[in-house]
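*Asks:* As they're listed, the protein sequences go chains A and B. The numbering of the first sequence is our numbering, which starts it at 3 and goes up by one. The numbering of the second sequence is our numbering, which starts it at 46 and goes up by one.
The hints are simulated quantities; they were obtained by calculation from the structure and are not laboratory data. For each residue, glycine too, the CB sits at the ideal point set by N, CA and C. Hints should not be assumed to be uniformly reliable.
[What the hints assert, rightly or not] Keeping only pairs whose Cα atoms sit at most 30 Å apart, straight-line, the calculated DSBU-like set for lysine-lysine is:
| # | chain 1 | residue 1 | chain 2 | residue 2 |
| --- | --- | --- | --- | --- |
| 1 | B | Lys222 | A | Lys100 |
| 2 | B | Lys160 | A | Lys7 |
| 3 | B | Lys224 | B | Lys122 |
| 4 | B | Lys58 | A | Lys259 |
| 5 | B | Lys186 | A | Lys258 |
| 6 | A | Lys260 | B | Lys177 |
| 7 | A | Lys258 | B | Lys58 |
[Stated by the list, open to error] From the structure, some residues in chain A lie toward chain B, with a derived Cβ separation under 8 Å:
| # | residue |
| --- | --- |
| 8 | Val98 |
| 9 | Met102 |
| 10 | Gly130 |
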Amino acid sequence: MTLNKLFSIFHLSWLVSHRNWTVYKKDFISNTSPTLADPALILVSLGLGLGGFIAEIQGMTYMQFLAPGLAVATALFTSFFESSYGFYVRMTYENVFKAMLTTPIGVLEIVVGELLWVGLKGALMAFGVAVVLACFGLMANLYLIPMAAVVGFLVAVPCGAIGLLATGLVHNINQFQSVYSFIIAPMFYLSGIFFPFEQISPVIRWLAEIFPLIHGVRLSQSIFWDQNILQTFAVSGSILVFQSLLVGYFSYRVIKKKLVS
Amino acid sequence: MSVLIKSDKVEKKFGSFQAVKSLDLVIKQGECFGLLGPNGAGKSTFIGLLYGTSLRTSGDLKVFGLDPSSSSHQIKKRLGVVTQDNALDESLTVFENLNLYCGFIGIEYGQRKKKIQDLLEYMNLSHKIDAKILSLSGGMKRRLVFVRALLNDPELLILDEPTTGLDPAVRHLLWGKVKELHKKGTTIMLTTHYMHEAEVLCDRLVIMDQGEIKAEGSPQKLIQNYGSGFVAIFASLIKEDLQSALTHFSDLSFKEESSGLYVRGPKLENLFLLQEKLKVSAMQIRPTNLEDVFLNHTGQGLSDDA
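In isolation and in its complexed conformation, chain A is listed as follows (with noise of 0.2 Å):
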């Protein structure tokens, strides 16, 4: 593939991203409002609730333990509904791409420029809440506060390829339900957001370390932790890139089936 190829995929994926951001941002208050509310929310009803009744955790507070993985769990929804339900309704009800792809773009700029568009939102909404919960003082460094946006990126990727990659698979919207109840629930509960991860069985940490939410946790407690950054974007880090590559392809491949007959 030339680089000339390969810019004009970029040019035309961000296009696609640009589509969305520019329908996004008509109704960007209740668009973003509860997105940024909802862990506040939870923070308020666990951190302060809950958490009176834990006297440490890791040595810190409760509230001081569940923050980072709030700004990921946002990240995880919002880039699972979007690439699901929003991907699904663009497709079908808005029938979206049928014009599209009678322009210069092709299936591979639009699942890319979806790909794109989730991790901007993910971004977007994980710094939004790591500025919430750093009015808390949840933050240990707020310079670190801008690197939310990158793990959100990293983590709402390979989250929102899952959701392409189920779009790809359903037969009807309401079979999204499924998808939600059978892996991205469990991604929320046992991906060491509410408790330490080392709690749980082996076997359910062996399968959680498949999917993307753990190694998002993982980063998003370096940078509010500000503990071993470094070390863990290294590891953690390079898993999200190789998952978002592994299920974008296959996503791709699904996508392709339903666009192109």
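Chain A is fixed; fit chain B onto it per the hints.
*Replies:* Just chain B, lined up with the frame of chain A:
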């Protein structure tokens, strides 16, 4: 004239269903070419094959001398498509929709506004530049889809059932625009099941049914081959009465369709004499047209996939 589309024994199967069967076609630069057929005839499938949203099962297909399976990106830069569904971004305004597409087809940022304004003016839509798509009427949306297809000054304009569901005024306006574009040298490929539309616009056409070409030629030639003359349509007449009256007219023949009994003959006066004989007025007496040719080749019944 150079060849823009060449289809050589192109076939497309969906599982065991064969949507396009061994299709041979040549479309030359500057032509307005029509693909006619009932719903499910394979017209839109063939259109999809031309720009890569559908991949052929076998045969050889070239558009601008390029293979759409591997070079759809280059092909799509040179064509405009009026899609069967409007597929407009309903969340955006008219300008936002078109601006987005200018980006997709690579129009420089500085040239976009003028280009959009000029084309909206051309389609009598300039007053709607900031309107939301949801506020547009069906005819306005269709004209907007035309604007979208014309943004890149296409060498080949594909119109996939462009006037389906539109009122006659909008339909005539769009026909006028298509004729203008054709006169300027744009090659046009039209799919339709409106016979009059094909007769008005096309230099040459094929009639397709169940994935196959049933007839090919200019509208006039197809009518001539079928037998030019006149048709009387009787909506409420008993078949046996007609058969008995027709024994007095050796040059008249009839065909039963679900909309009535169609009597055809070369001389208008004999159809009037038939009316007198039957003491029943025909619902309509008109010259033979493409619809008669179409019905003759495709039959009246709807296919399972229509």
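*Asks:* Are the hints correct? Go through all of them and say.
*Replies:* Okay, the hints, checked on the actual structure:
Distance hint between Lys222 (chain B) and Lys100 (chain A) is fulfilled; the C-alpha atoms sit about 24 Å from each other, no more than 30 Å. With a CA separation close to 27 Å, the supplied pair Lys160 (chain B) and Lys7 (chain A) stays within the 30 Å bound. Restraint check for Lys224 (chain B) and Lys122 (chain B): the C-alpha separation of about 23 Å stays at or below 30 Å, so the hint holds. Distance restraint check for Lys58 (chain B) and Lys259 (chain A): the Cα-Cα separation of roughly 15 Å lies within the 30 Å cut-off, and the hinted pair is therefore satisfied.
Between Lys186 (chain B) and Lys258 (chain A), the direct Cα distance comes to roughly 28 Å. Compliance with the 30 Å bound is thereby established for this hinted pair. The straight-line distance between the Cα atoms of Lys260 (chain A) and Lys177 (chain B) is roughly 29 Å, inside the 30 Å bound, and the hint therefore holds. With a C-alpha separation of about 17 Å, the suggested pairing of Lys258 (chain A) with Lys58 (chain B) holds against the 30 Å cut-off. The beta carbon of Val98 (chain A) is positioned within 8 Å of a beta carbon in chain B (closest approach about 6 Å), and the interface hint is therefore held.
Checking Met102 (chain A) against chain B: minimum C-beta separation of about 7 Å stays under 8 Å; hint holds. Violation of the interface hint for Gly130 (chain A) is found here, the shortest Cβ-Cβ separation to chain B being roughly 23 Å, above the 8 Å cut-off.
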